[in-house]
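Trainee: Heads up: the sequence lines are chains G and D, in that order. Residue 175 in this note's numbering is what sits at position 175 of the first sequence, and the numbering runs on without skipping anything. Residue 214 in this note's numbering is what sits at position 214 of the second sequence, and the numbering runs on without skipping anything.
Because the hints were derived from the structure by calculation, they are not lab data. Predicted model, so just to flag it, every value in this text is computed and none were measured. Wrong hints could be hidden among the right ones.
[To be verified] Here are some chain G residues pointing at chain D (derived, C-beta under 7 Å): (1) 55; (2) 71; (3) 85; (4) 87; (5) 89; (6) 104; (7) 109; (8) 255.
Think of the CB as a built atom: it goes at the ideal place given N, C-alpha and C, for glycine as much as any other residue.
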Amino acid sequence: MIHIELNQVNVTYPQPDGGQFLAVSRFELKVEKGEFVTIVGPSGCGKSTILLVVDGLIQPSGGQVLIDGKPVTGPGEDRALVFQEFALLPWRTVESNIMLGIELQRRFPRSEIRELVSRYVNMVGLQGFERHYPHQLSGGMRQRVGIARALAVNPQILLMDEPFASVDAQTREIMSSELLRIWEQEKKTVLFVTHSIDEAVYLADRVVVLSGRPGSVKEIIPVRLARPRGLAIKDEPEFVRLRRHIWDLLEQEVQRQVAGRNVC
Amino acid sequence: MLKQWQRLLISGTAILIFLIIWELAMPLGLVKIADISRPSLVAKAFLELAASGEVFQPLYISLKGFTIGFVIALVVGIPLGVALGRYRIFSLLIDPLWMALYTMPRLAMMPLLVVWFGVGFGATIAVVFLGAVFPIVVNTAVGIREVDPVWVRAVRSFGGSEWDIFRKVLLPGSVPPMMIGIRLGVGRGLLGMVVSEMFASTEGIGGQIGLYGMSFRTSELIALIAVVSLLGFVFVDIMRWVEDKVSKGRAEVQW
Chain G
1 MIHIELNQVN
11 VTYPQPDGGQ
21 FLAVSRFELK
31 VEKGEFVTIV
41 GPSGCGKSTI
51 LLVVDGLIQP
61 SGGQVLIDGK
71 PVTGPGEDRA
81 LVFQEFALLP
91 WRTVESNIML
101 GIELQRRFPR
111 SEIRELVSRY
121 VNMVGLQGFE
131 RHYPHQLSGG
141 MRQRVGIARA
151 LAVNPQILLM
161 DEPFASVDAQ
171 TREIMSSELL
181 RIWEQEKKTV
191 LFVTHSIDEA
201 VYLADRVVVL
211 SGRPGSVKEI
221 IPVRLARPRG
231 LAIKDEPEFV
241 RLRRHIWDLL
251 EQEVQRQVAG
261 RNVC
Chain D
1 MLKQWQRLLI
11 SGTAILIFLI
21 IWELAMPLGL
31 VKIADISRPS
41 LVAKAFLELA
51 ASGEVFQPLY
61 ISLKGFTIGF
71 VIALVVGIPL
81 GVALGRYRIF
91 SLLIDPLWMA
101 LYTMPRLAMM
111 PLLVVWFGVG
121 FGATIAVVFL
131 GAVFPIVVNT
141 AVGIREVDPV
151 WVRAVRSFGG
161 SEWDIFRKVL
171 LPGSVPPMMI
181 GIRLGVGRGL
191 LGMVVSEMFA
201 STEGIGGQIG
211 LYGMSFRTSE
221 LIALIAVVSL
231 LGFVFVDIMR
241 WVEDKVSKGR
251 AEVQW
């Protein structure tokens, strides 16, 4: 069953000189319910923009975004966003940050909130840190809070915008395998943006490879690796082959960026 | 790290040494100026003034004027600061006028204020308000502008309304600069209170200061000025306490 559908989506941003900058062009994607789709591409080529459009935070200038067949007009309770910069409120404790979405959506009975929060604290492994403030946590732990905050409102769709980009490499590995564990448990549809090819292949049912400016779909690659996946899967020939293939697709784009031409 | 009592001891010693030098300066011939009074005389003057009702009654009147003026400054200043910080149209609209008012020597408007608000109480309220409102508005606006847009985005993403954004992000997020503005406002307001009472009224602690100042009764004058600075000290301390309360657990946070 198709859960998210993007039809010929264009997104433009107004520029200081009065012109329009085309960030995403004729973007086409259909995501099945419960599917884990990663979007990989060179930095700043409209990857995040696609998530913001699906979340309803920005409106496409052309085309259509459909969730369960209905056009997206704004943020909704069926979707939650996890931010690269975590976006935690520094004056709130871990517990209270996780509660933000619950508070804002006002659809959870008071009596259940406490239980709900502790459930997600446990799920992301933050027991004992409930009363800590974000500045007392490491980057990895902060993003655990960000993930728990998104999961706590029980969304159907989890939108993740380079969630592990500000986390050190080792923690990143651990966090992505934990994310898979949570996903297998919670059965959400996930749209996950990253610039790490490794991460994209490891997590995904399908990898969407973007072309550079303006962002559009270059190729969609199914990943037929067995689940549940351990980190050891990254050494399997199929994984290596997929990584090689995606890198070949991206190399040209990245070369252009490195050369400073057409930088996104 | 020094302990609290050690810090108090060091500061206390400094004050004590200062008072001793001041007390002995005249008898020892350290100064030639006749009228610097002495701590013992100032203390005596204070007790006499207090006994004759020339400290606490005027202080009460002053504080009433200050409180009313300051509360109006908060009620007007915080929403105005929020609007200025949040909506570009507002800042474009108000900025030029605002800067003109900001740089204007407002105490020079005393005579006009007296005409508008009458001698005494009204003028004091107006001057306190004018002194306090500017730092409150400016720093609140700074606080709002410094709020990380990604926090706003997070609230939006969860379906939060403009009111939610204000309540859950803008207001708590701008507390540190806002509190600085309020603390500055207390200082400016107190200054305005004293000056207004000195020139536009004979009431209040400022009125007393004017009275004794003009007749060069140094001991009484210094005693009254000391009361005002003590008041400022207490206010700043209260503000610190409030700041700690509203920003509990994040005093050391940088965001």
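Trainee: Compare the structure with each hint and give your call.
Mentor: Results of checking the hints against the structure:
1. Hint status for residue 55 of chain G: holds, given a least beta-carbon distance of 6 Å to chain D, under 7 Å.
2. With a cut of 7 Å, the hint placing residue 71 of chain G at the interface with chain D is violated, because the nearest CB-to-CB distance is about 17 Å.
3. Below 7 Å, beta-carbon pairs count as interface contacts, and residue 85 of chain G has one with chain D at about 5 Å; its hint therefore holds.
4. Taken as an interface hint, residue 87 of chain G checks out: its beta carbon lies about 4 Å from the nearest beta carbon of chain D, inside 7 Å.
5. Interface hint status for residue 89 of chain G: upheld, as the beta-carbon distance to the closest one in chain D is roughly 6 Å, under 7 Å.
6. Interface restraint check: residue 104 of chain G against chain D, minimum CB-CB distance 4 Å, threshold 7 Å, status holds.
7. At a threshold of 7 Å, the smallest CB-CB gap from residue 109 of chain G to chain D is about 18 Å, leaving the interface hint violated.
8. Interface restraint check for residue 255 of chain G: the shortest CB-CB distance to chain D comes to about 31 Å, outside 7 Å, so the restraint is violated.
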